[in-house]
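Sequences listed follow chains A and B, in order.
Position one of the first sequence corresponds to residue 38 (the working numbering), numbered consecutively onward.
Position one of the second sequence corresponds to residue 38 (the working numbering), numbered consecutively onward.
Quick caveat, the hints were computed from the structure, so don't treat them as lab data.
If a hint is listed, it holds; no wrong ones were tucked in.
For identical chains, the list gives no copy identity; a pair is met inside one copy or between any two copies.
Taking lysine-lysine and the PhoX-like style, the derived pairs with C-alpha atoms no more than 25 Å apart in a straight line are:
hint, residue 1, residue 2
1, Lys46, Lys200
2, Lys195, Lys219
3, Lys290, Lys112
4, Lys288, Lys55
5, Lys46, Lys173
6, Lys64, Lys108
Please read all numbers here as calculations on a predicted model, not as lab measurements.
Number of protein chains: 2
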Amino acid sequence: MPGISNKGKLMPESPIRKLVPFAEAAKKRGVKVFHLNIGQPDIKTPEVAMEAIRNYSEKVVEYSHSAGNQKYRDKLATYYQKNNIDITASDIIITAGASEAILFAIQSIMDEGDEIIIPEPFYANYNGFATNAGVKVKPIFSHISNGFALPPIAEFEKAVTEKTKAIIVCNPNNPTGYLYSKEELEVLKQIALKYDLYLIADEVYREFVYDGEKHHSVMNLEGLDQHSILIDSVSKRYSACGFRIGCLISKNKQVMATAMKFAQARLSPPSFGQVAAEAALETPASYFTEVVDEYIQRRDVVVQSINKIEGAYCPNPKGAFYVVAKLPIKDSDHFCQWLLEDFAFENQTVMCAPASGFYSTKGYGKDEIRISYVLNTGDLRQSMKILEEALKVYPGRI
Amino acid sequence: MPGISNKGKLMPESPIRKLVPFAEAAKKRGVKVFHLNIGQPDIKTPEVAMEAIRNYSEKVVEYSHSAGNQKYRDKLATYYQKNNIDITASDIIITAGASEAILFAIQSIMDEGDEIIIPEPFYANYNGFATNAGVKVKPIFSHISNGFALPPIAEFEKAVTEKTKAIIVCNPNNPTGYLYSKEELEVLKQIALKYDLYLIADEVYREFVYDGEKHHSVMNLEGLDQHSILIDSVSKRYSACGFRIGCLISKNKQVMATAMKFAQARLSPPSFGQVAAEAALETPASYFTEVVDEYIQRRDVVVQSINKIEGAYCPNPKGAFYVVAKLPIKDSDHFCQWLLEDFAFENQTVMCAPASGFYSTKGYGKDEIRISYVLNTGDLRQSMKILEEALKVYPGRI
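Go ahead and model the full structure; you've got the sequences and the hints to work with.
Shown next, in the form of structure tokens:
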């Protein structure tokens, strides 16, 4: 029997999905499971997008341009301009979600054996994309005690080698919710320029910024045009994960021409998704006000509840819809599985993501979990109660 | 300024798209261009699929399962069973078109430096996917004089090295339209078993088989369960290229488990496309009868017209909707560009794909072009007339 690839063997399993069989077993036993483990919001997709799909009238569902429909890219450029990000349609390649945009970025600028610096904890699938491309992740440790702020510049400089090609940050951050300040982005810019690295920013949570804070885009760092690459997606913005529409943006023409070759090889991004995403650009501002208000309430429930638990700690992040919380436990992988396998409170339990899967360094995040606050406040309150009760009886508590 | 990857530099440009600027310029001059260059059919997408999209009623467009919706996979398995291909839902991973399925297959079984054997001419994007994965293509020459039949087994054996991991065939073939016989598939099976290689079959044109011939699937080769991988797509079957829905199928559990890790890293295939593709499974049989009848007429127009041109030759393929024709020219790249730049007949011209882009071996296919017969018979007759007139005056004629 022929074998599989080394790359395939090395590909990490999703830290979120490996607990799925335990959740399914719990449900079979009649236990209700609150899903705090995934970034699938319960928010409605804007009606204007759904209407466009219901009114779809083309007779032949054709390939679109490999870079995406011109009409969609033109309108999308306007969205960025409204957000003070000065780009045009020709700086955009539409992709199958941010996932494909990350893949195109990595493939266009890195070869097997090259290195990418990522502050950890980080979005677990960055590991997958790096493994896929044979690229080595050099993590920079960011600490829960200061809310996962950017590590000092010296840490980055220590990680740079001649193999380093890029730094990637997610801003606001998944899994920590951390929102990078203008000053932190300036630090990243300095490093990128000094060592001639690309700075890739995954800004899919741009709209999810709280407490009057402001989001700063990588595209607005002056003098960094040739080094900056923006990763984006409509998945979270419009609660439209199933559209599979994202994009890759850069003013570096060589990067874009190279990414286009990868884009042409896969022919085109999804046509229906592009139609819905184009229509979604007409989503009224009130939609976002309501959604942001809702997420602030949800975050507050989670952060306040956790901080009331003895021995637990949760920073109060300013963006996205995740928190990484520290719990008085030895092993979050075991704890999250135990919650599903051996625990129930009022015949209910919670599914969380062990934070270990968001660290590249082995052994980190063992006393941390990621919580996605994508449920309504009632369910979140109950979920936090369950977590509190669980920690009272969990045998692996420290 | 930071550079781009070697892989990115090596990525081939699409042989179909590189002439696009010349076609656009021709249109600007007021010349009508008949597009024989792409596999975008003009056939209507089945109404039953369009209706499903217009009736889409979910409130949140969520991620689907990474392997695709269970409901769609269940129904899709039934489609294969009806086609005498005995698989179940668990043997299927839904992908963003056949493109992603090919990528998953290559990544799951091959590492950088490995080799894949492909009879040439072959679908140009196989080159892109191989380059992307750092895999070397070992072409086996198939000849227009016998209609691009499978080369003798000895040719394959000469190409096998210890780095060889797989053979890929497209059946019916793009770009040649060649339909592999049961005997030819048995030859491939022998080689796969003897050298322990995967046999990947891209069967996206399964329905497009003419003159009473029968399609034979790789999945029906007895004793090859652990070696066979099927690539499929709804793009051509339902004239639904924009759905971006394909699939990867294998009974080899290790391959599927590995491919699932790549599938999870990109989260999920498009949700709207899956809904439309599921509904398309209810397409009445009459749709295919009509489409096949139409394509037979189109093929006959093209094949007969070309064979009437002095010095030209076109085999009469039994499947897909392409032919590779030999013309009395020195350089088809130059000829195809000249057609757009310097020629018009009755203020019209044709856009074809130079066959050189479908060969891996440099210098091959210089006197051949690929024609996609995706236009109605009237337009095809006129296109063939244009080609005939062009060859009368083309300065590079031999």
